[in-house]
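Go ahead and model the full structure; you've got the sequences and the hints to work with.
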Amino acid sequence: MQTASLTPGGASAPEIPLIDVTSDLDEDGLYGVRRLVVTATEVTVSTPTGVPTCRIALSDIAKARHDPLVSGGRMIVTLKNGVIIPVVNYSLAVSEKFSEVARGIEQLSQGEELSIDMHDELKRCPKCDRLLPEKDGPCPVCVNRSKTLWRIFGFLKPYSRATTMLVAGSVCTTALNLIPPYIQKQLVDGFTSKSLETSGLLQWMALWLGLALAGSGLQIFNGRLMTYLATHISKDLRASTYRAIEYLSMKYFDRKPVGAIASRVTQDTDRVWHFLVDGFPFFITNSLMALGVIGFLFSIDAVLAAAILVPIPFILLISVRYWKPISNMFFKVSQRMARLHMQLNESLSGIRVVKAFVSEDREFKRFDERNKAWQQAAMQADQKWYTAFGMMTFAASLGALINWTVGGMFVLQGRLTLGEFIMVNSLLIMVYGPMQWFAQVNNWFSRAMAGAERIFEVMDMTPESNRELERTLDIRGDVTFDAVRFGYDKSNPVLKNMSFDVKAGEMIGFVGRSGAGKSSTINLICRFYEPDGGRILVDGVPLNEINIANYRSQIGIVLQEPFLFNGTIAENIAYGKPDASLEEIMVAARAANAHDFIVSKPDGYDSIVGERGVQLSGGEKQRISIARAILHNPRILILDEATSSVDVETERQIQEAIGRLVEGRTTFAIAHRLSTLRNANRLIVLERGEIVEMGTHEELMQRRGVFCNLVETQRAVTEIIGVGN
Amino acid sequence: MKLFYAPEGRLRLTMEDRSHLDVVPAWAAPRTHPDRYLSLLDSKGKEILMLERLEDAGADNVEVLRQELRRRYLYSQVRRVNAVRMEFGATYWSVETDRGHRDFVTQSLQENAQWIDEEFLLLIDVEGNHYQVKPVSALDPDSLRRLRSVV
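As given, the protein sequences belong to chains A and B, one line each in that order.
With the working numbering, the residue at position 18 of the first sequence is 18, and numbering never jumps.
When you read off a place in the second sequence, starting at 1, and then add 1000, the result is the number in the working numbering.
Among the hints, erroneous ones may be present.
In silico DSSO-like links for lysine-lysine, alpha-carbon gap of 30 Å or less [said to hold, decoys possible]:
1) A:K80 x B:K1046
2) A:K496 x B:K1046
3) A:K503 x A:K577
4) A:K365 x A:K355
5) A:K251 x B:K1134
6) A:K63 x B:K1044
7) A:K372 x A:K63
8) A:K372 x B:K1134
9) A:K355 x A:K372
10) B:K1134 x A:K324
11) A:K324 x A:K123
12) A:K496 x B:K1044
13) A:K365 x B:K1134
To be clear, the hints were calculated from the coordinates, so they are not data collected in a lab.
Predicted model, so just to flag it, every value in this text is computed and none were measured.
Written out as structure tokens, the structure reads:
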């Protein structure tokens, strides 16, 4: 069905492929491989065996686009004669790539230069061939451990003295721990041979006391040092991660949910410092200890030592065998707990609705179900853990049994003194204690490495461009768009070839249906995104030559849904100018018609707003946001539909405030209510990312075009609503 | 009404004196009411009509509709679970589906393994592709055991 052989001459001479990509679905929607090749003259899709399923001459193509389907997509080509041909199907795994390809085909067919981003994303780890959890991301299994490890240790650098002391302290503790068993041996041998006198005993005991004191002192010292290091490194890691994230471009924030970004700052950094302060010292200290003890044991009696250590491989085996299922089970427990939390959160924040619909019983049932599900999972996990733990304890106690059997026989045979036997017994505990955790070290380590890799990935990402530029500009306010093209996803341009000139101090209103490109234009003016093509100039200077912080500090935004931070009203107004005096703040608030309602609050300007503060109405928030913009005193002002869903009086007050705010500033305003745009010097009417009309309100009304149509529709709707009331 | 591809590859719906090109069939509630309530939208996304059942379209049209739906809804149904491995928070799957063999990886099963109901598990891989396990109990014992080991 999709085979369309439209090249006049059929097969053409082999040419260099300009684009060569593979999809993962065949014509019938089954998983399979299709290869799409674009040469300078044609587009060919073929099966892995080389049988073409579709072949189209580039010269016949008018348009090529990506048609988004559910959980995938397909590429569709429109020929110059109007025929539409589905070219190839693909799942979401490659749809982004194919939407780029569609754009490329269109460029080539129109004789343009091929300019698409065909960066090949890495889906599988090149080393172990595992699928990657994030495209181009680190493989959690084989991240370059030594390099990452080295970098992690870089965070210890500012604390090199403390680190050295910690390592030295750990080694000393190990050494100190080995001495008491030796004292025991001396004492017991002394008792049995009756060669020890009271004074000798007291001398040994004094030494033991000294060791115990020194050991405890060292332990306290180490513990305090460890805490010092732990908290500092944790703080440093989080700070550098947060800092790196802050400077990333808006595109990153569009792609990643806030939760996922936040977890890099909290969870991933946690994993790393856990490893640094718990895992690493544990591993070093206990390895040293184990090696020391084992060496010591062999020096006493090689046969006995070998016999005693027989159960150790079993302990390691149990640990390895059980670790995976148990950690999976505990993962499931936390999963169930999270679901319970979610349910609780939801029903409590919606308690008004729950009560209104008398659905307390239904909500309780849902809660109870999840609660039970958690209980089941938690019980199974804990029970399994105790089983494994019991088995390990048994294996460990085998060590003691072997010692008593073999060692006991050696004592009877006179091969071993009683003292030596006691010493071996004490040393035994020191090996077996940490052994059951050893098998987990690798896993522990890998988790930390994966976390670190994710943190470093963010740190290594290119921050917003132009942060380093030195050129600053005192903006007058001329803004020029020169053939600007832009799309959040490149294959799907939201703004096409947009050009306009704005003089300093002008107020421009953007009009158009939702999705016409109003907000995207604003986003570009704020430089939240870079245009894909064309230039934006401010006072004749290309935007990408100006330091971004310097530029943004001269832009003010009043958003559709004003965002207030947790803090006082005064702090919120002064967000753009933190050192403003209360007088300045009040002047701004008066100009924004906000002063009166603010002082009538019990705490006036000191009222706490935001998530846990006093409730403000939509109109009040908007006026605070306007006051914020007035105080910030920007050269370029952005108004994103500042008046919506408020009563007539409030709207009048807001309009008045905006009137004061826009004076003498270049202003770009978006409003669905067309009447509010009357004050604008010029209106720009957008449709599907293109400017269709431009002029004053009167001019556009006289033209009786798109704008006039919009106004009349809206008037009609308002009247109907009016009658309905 | 009559549904057919004309010109090739473009679904057309002709009813009495009107004809709509590039008709898009869309399930109203594909998870809870699969195979019921199918909306036919015109090229601008406006509903032309709703079919309560696929068969209501008439015997001649059902096949065309099925074909278009199959092309549009690229979900796949998991028939067999060959292997599941959880490593460091990512879960690696190897499954047989109604569309053939597929390997994929899911991150954070907490968000990406969703129980729609007792018998319906939805897996969403890192790219956003959907894999449905439904009914869960119809899987063979081995597959079920592997599935249960992670979700």
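We went through each hint and held it up to the structure:
| no. | hint | verdict |
| --- | --- | --- |
| 1 | A:K80 x B:K1046 | holds, 27 Å |
| 2 | A:K496 x B:K1046 | holds, 26 Å |
| 3 | A:K503 x A:K577 | holds, 27 Å |
| 4 | A:K365 x A:K355 | holds, 15 Å |
| 5 | A:K251 x B:K1134 | violated, 36 Å |
| 6 | A:K63 x B:K1044 | holds, 19 Å |
| 7 | A:K372 x A:K63 | violated, 57 Å |
| 8 | A:K372 x B:K1134 | holds, 24 Å |
| 9 | A:K355 x A:K372 | holds, 24 Å |
| 10 | B:K1134 x A:K324 | holds, 27 Å |
| 11 | A:K324 x A:K123 | holds, 25 Å |
| 12 | A:K496 x B:K1044 | holds, 21 Å |
| 13 | A:K365 x B:K1134 | holds, 24 Å |
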